[in-house]
Amino acid sequence: MNTQASKFLKSGAALLAAVLVSANCYAQDKPIRIGLVTFLSGPASGPFGVPAKLAAEAIVDSLNAGKVPAPYATKGFGGTPLELVVIDEAGGATKQVSELRNLVERQDVDFVIGYIGSGDCLAVAPVAEELKKITILFDCGTPRVFEDASYKYVFRTRPHATMDAVAGAMYLLENRPGMKSYGGINQNYAYGQDSWADFTAVMGTLKPDVAITTSQMPKFGAGQYGPEISTLLQSNSDVIHSSLWGGDLEAFMLQAMPRNLFTRSQLILVAGEPYLHRLPGSIPDGTIIGARGPSGVYAQKSALNDWLRQIYKERAENFPNYPAYSVAQAFLGLKTAYEKAKAQGTPGTEEIIKAFEYENFDSPSGKVMMKLGKGHQAVTGTAYGTTRTVNGVITVGNIKYYPVERVQPPEGIKSVDWIKAGMKPGKW
Amino acid sequence: MAQLLAVLIDGLIYSSWLFIIAVGLTLIYGVMKILNIAHGSLYALGAYSAASLAGYWIKQGYPPMGSYAVMLVAAILVGLIAGPVIERGLLRFMYGKDEIVLVLVTYAVFLILEDFVKLVWGVDPYFIAQPYGLLGSFDIGDLTYPNYNLVLFGAAVFIGVVLAWVLTKTRQGKMLLAVIHDREMSGAMGINVGRVYFITFTVGAMLGALGGALTAPMISVQPGIGAETIVLAFAVVVIGGLGSLPGAALAALLVGIVRAAAVHYRPELDLFSIYLVMAVVLIMRPKGLFSAQEARKI
Chain A
1 MNTQASKFLK SGAALLAAVL VSANCYAQDK PIRIGLVTFL SGPASGPFGV
51 PAKLAAEAIV DSLNAGKVPA PYATKGFGGT PLELVVIDEA GGATKQVSEL
101 RNLVERQDVD FVIGYIGSGD CLAVAPVAEE LKKITILFDC GTPRVFEDAS
151 YKYVFRTRPH ATMDAVAGAM YLLENRPGMK SYGGINQNYA YGQDSWADFT
201 AVMGTLKPDV AITTSQMPKF GAGQYGPEIS TLLQSNSDVI HSSLWGGDLE
251 AFMLQAMPRN LFTRSQLILV AGEPYLHRLP GSIPDGTIIG ARGPSGVYAQ
301 KSALNDWLRQ IYKERAENFP NYPAYSVAQA FLGLKTAYEK AKAQGTPGTE
351 EIIKAFEYEN FDSPSGKVMM KLGKGHQAVT GTAYGTTRTV NGVITVGNIK
401 YYPVERVQPP EGIKSVDWIK AGMKPGKW
Chain B
1 MAQLLAVLID GLIYSSWLFI IAVGLTLIYG VMKILNIAHG SLYALGAYSA
51 ASLAGYWIKQ GYPPMGSYAV MLVAAILVGL IAGPVIERGL LRFMYGKDEI
101 VLVLVTYAVF LILEDFVKLV WGVDPYFIAQ PYGLLGSFDI GDLTYPNYNL
151 VLFGAAVFIG VVLAWVLTKT RQGKMLLAVI HDREMSGAMG INVGRVYFIT
201 FTVGAMLGAL GGALTAPMIS VQPGIGAETI VLAFAVVVIG GLGSLPGAAL
251 AALLVGIVRA AAVHYRPELD LFSIYLVMAV VLIMRPKGLF SAQEARKI
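Top to bottom, those sequences are chains A and B. Our numbering numbers the first residue of the first sequence as 1 and each following residue consecutively. Our numbering numbers the first residue of the second sequence as 1 and each following residue consecutively.
What the hints contain is simulated information worked out from the structure, not anything from laboratory work. We put the beta carbon where it would ideally sit given N, CA and C, even for glycine. Each hint should be verified, as a subset may be incorrect.
What the hints assert, rightly or not - Partial list, derived from the structure: chain B residues whose beta carbon lies under 8 angstroms from chain A:
#1 Ile13
#2 Tyr14
#3 Lys118
#4 Val123
#5 Asp124
#6 Pro125
#7 Gly133
#8 Thr144
#9 Tyr145
#10 Pro146
#11 Leu150
#12 Asp182
#13 Arg259
#14 Ala260
#15 Leu271
All chains, full assembly: derive it from the sequences and hints.
Okay, structure coming up:
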């Protein structure tokens, strides 16, 4: 082979290699496209989906303007601006699988951040893996995502829902040690079933002599709760546990309040924080409220928290609830991983995954650690409090913060097994 | 005993609600042989209109008791506007086509109206809780029920009785029954079938909207409520026999009591109970409880 031909071949090979490498990297001259999947319609849209969308839009604007406090002051992701492609999560898991394929194969997004519904998370995670697209589950709660499977391309920057039950039961027993019975009303789908199973397991471990009176499992979006409320009333439970959320929770409260359910039983709403922002007139004093992490009303003062509150209020005219904090964690976690990968060289998919696994990053609700699910599942502490009316305004008082080791199982053990084994604090 | 009583009361209340949301659907099918999927959207429009207008009424400081009248007016307005627009603007061009085509057409209307609702009201929920608690409550045993539930029960009975009376005792009703029995022959005998269709669809739309308006104080009014409701209404109408008014009443009662019993005694069967009733009834009577015998035309 002559020298000229050899040079030609070498140049061609180099060019081909460059093309192949660049195909797996993120172009610097065009915006990074992020698919945002959140409920824009249906029962979950008002309290969860729309606040998450508003927060995401505000965060992207702020990131692109380089106005986020340290350590996130760089514009966009590593200087590259961000662009959102927003998709409605309503319609069920099958539809979401198709939507994810569309986002990746037709819309050509670089990353996907999304999913509030646990059923949706369980359905899309294997598909994201098949599509080899980094997908960040920002809000769904079921621990099954990383306890029953292992993923390379899927991350969850929000703690899973086990802490709702563990911290909720601890808080309840600390404040009501003499309780003798409890009942439950939870939606009949992945998150509702998991939440009730975890809560009963924790109560069985911490105070086995407390009786379970009834477990109501209306379907998601049932809307009518007359018979369920009668059953709860007749159960005369000291406490009612509920992981209802969105429109279901609102309808349940609207129907239960006039029937004096909460004069008989104290209510614990493990996912109730967004509800505080919506129907302040129909939440009784003494209701125990959770927010899956020290976010929303439980977020402590910091530069990042002040930033999120300010940019959200400018857009939504009220303060951010916990889904808004969830979406902030997803963006900041991804930004951290992206910029860490970029600092090492070209930020390709493999490099970003490597940087993301086991990373720690700051968020408006405090430090987030990617410690579970082989570095793909976040953990944080959490908080609980109790509602009380002050000058006609519902506030949350008697707030207690729980560190991560008390409310999350360590790596290698399933939540239910950890709970049944006595919830021994792990080493983090 | 107390629990049995609770099952009966809960069942009756739920049945009343089911009948109210299903009666418009069965009326339209009975007369026009159209399975109106858009009924779910008319329900949603009724709920949104009632929540908006009654909310405005209360916000202005007008007597809260007037909010019930406002809700009723909202439902009537929705029926009077949406009913004629859908029937005159679209459905009348489809008469005579296969029933499946008409189902698809009304499904398309449903999808359009779902987006229309989002366009007009947005995705944030609306609340109009005051009318639910305004009438006070009554106690039975150790259970408290808002008197608003009596309004639901009364409305269901009133609608059922009035419709039965109109159909069997008035000239217009008898003409309508004739159209149900044989559209072509009725037309040949001088009945203005188009006018009967127009009135029936408008009344059906009004009843759908009334279902939404009466439900609005008990729920968070938000996008998607129509889809949930049409499934239940459809189940009731199928169990009762498509197009049968007494069938819809009995089916609503059956489903309401069975669901309440499931919630009280076997909560894990709650989700399944309605479809269990549907399956059992359809196995025994494939065309529903009160399906009319169809005359074979030669």
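So, going through the hints one by one against the coordinates:
At about 5 angstroms, the closest approach between the beta carbon of Ile13 (chain B) and any beta carbon in chain A falls short of 8 angstroms, and the interface hint on this residue holds. A cut of 8 angstroms between beta carbons decides the hint on Tyr14 (chain B): the least distance to chain A is about 6 angstroms, and the hint holds. With its C-beta approaching chain A no nearer than about 6 angstroms, Lys118 (chain B) sits inside the 8 angstroms limit, and its interface hint holds. Against a cut-off of 8 angstroms between C-beta atoms, the interface hint on Val123 (chain B) holds, since the closest Cβ of chain A lies about 5 angstroms away.
For the restraint placing Asp124 (chain B) at the interface with chain A, the shortest Cβ-Cβ distance is roughly 5 angstroms, inside the 8 angstroms limit, so the hint holds. Interface hint status for Pro125 (chain B): upheld, as the beta-carbon distance to the closest one in chain A is roughly 5 angstroms, under 8 angstroms. Given the 8 angstroms rule on beta carbons, the hint for Gly133 (chain B) holds: about 4 angstroms separates it from the nearest Cβ of chain A. Annotation: interface hint on Thr144 (chain B) holds; nearest CB of chain A at approximately 5 angstroms, less than 8 angstroms.
With 8 angstroms as the threshold, the beta carbon of Tyr145 (chain B) comes within range of chain A, its nearest partner Cβ sitting at about 7 angstroms, so the hint holds. Contact between Pro146 (chain B) and chain A, as hinted, is supported at the beta carbon level, the nearest pair being about 5 angstroms apart and thus within 8 angstroms. With its C-beta approaching chain A no nearer than about 13 angstroms, Leu150 (chain B) sits outside the 8 angstroms limit, and its interface hint is violated. At a threshold of 8 angstroms, the smallest CB-CB gap from Asp182 (chain B) to chain A is about 39 angstroms, leaving the interface hint violated.
For the restraint placing Arg259 (chain B) at the interface with chain A, the shortest Cβ-Cβ distance is roughly 7 angstroms, inside the 8 angstroms limit, so the hint holds. The closest approach between the C-beta of Ala260 (chain B) and any C-beta of chain A is roughly 4 angstroms, which is under the 8 angstroms cut-off, so the hint is satisfied. At its closest, the beta carbon of Leu271 (chain B) sits 5 angstroms from a beta carbon of chain A; the interface hint therefore holds under the 8 angstroms criterion.
Comparing the model with each numbered hint stated earlier shows that hints 11 and 12 do not hold.
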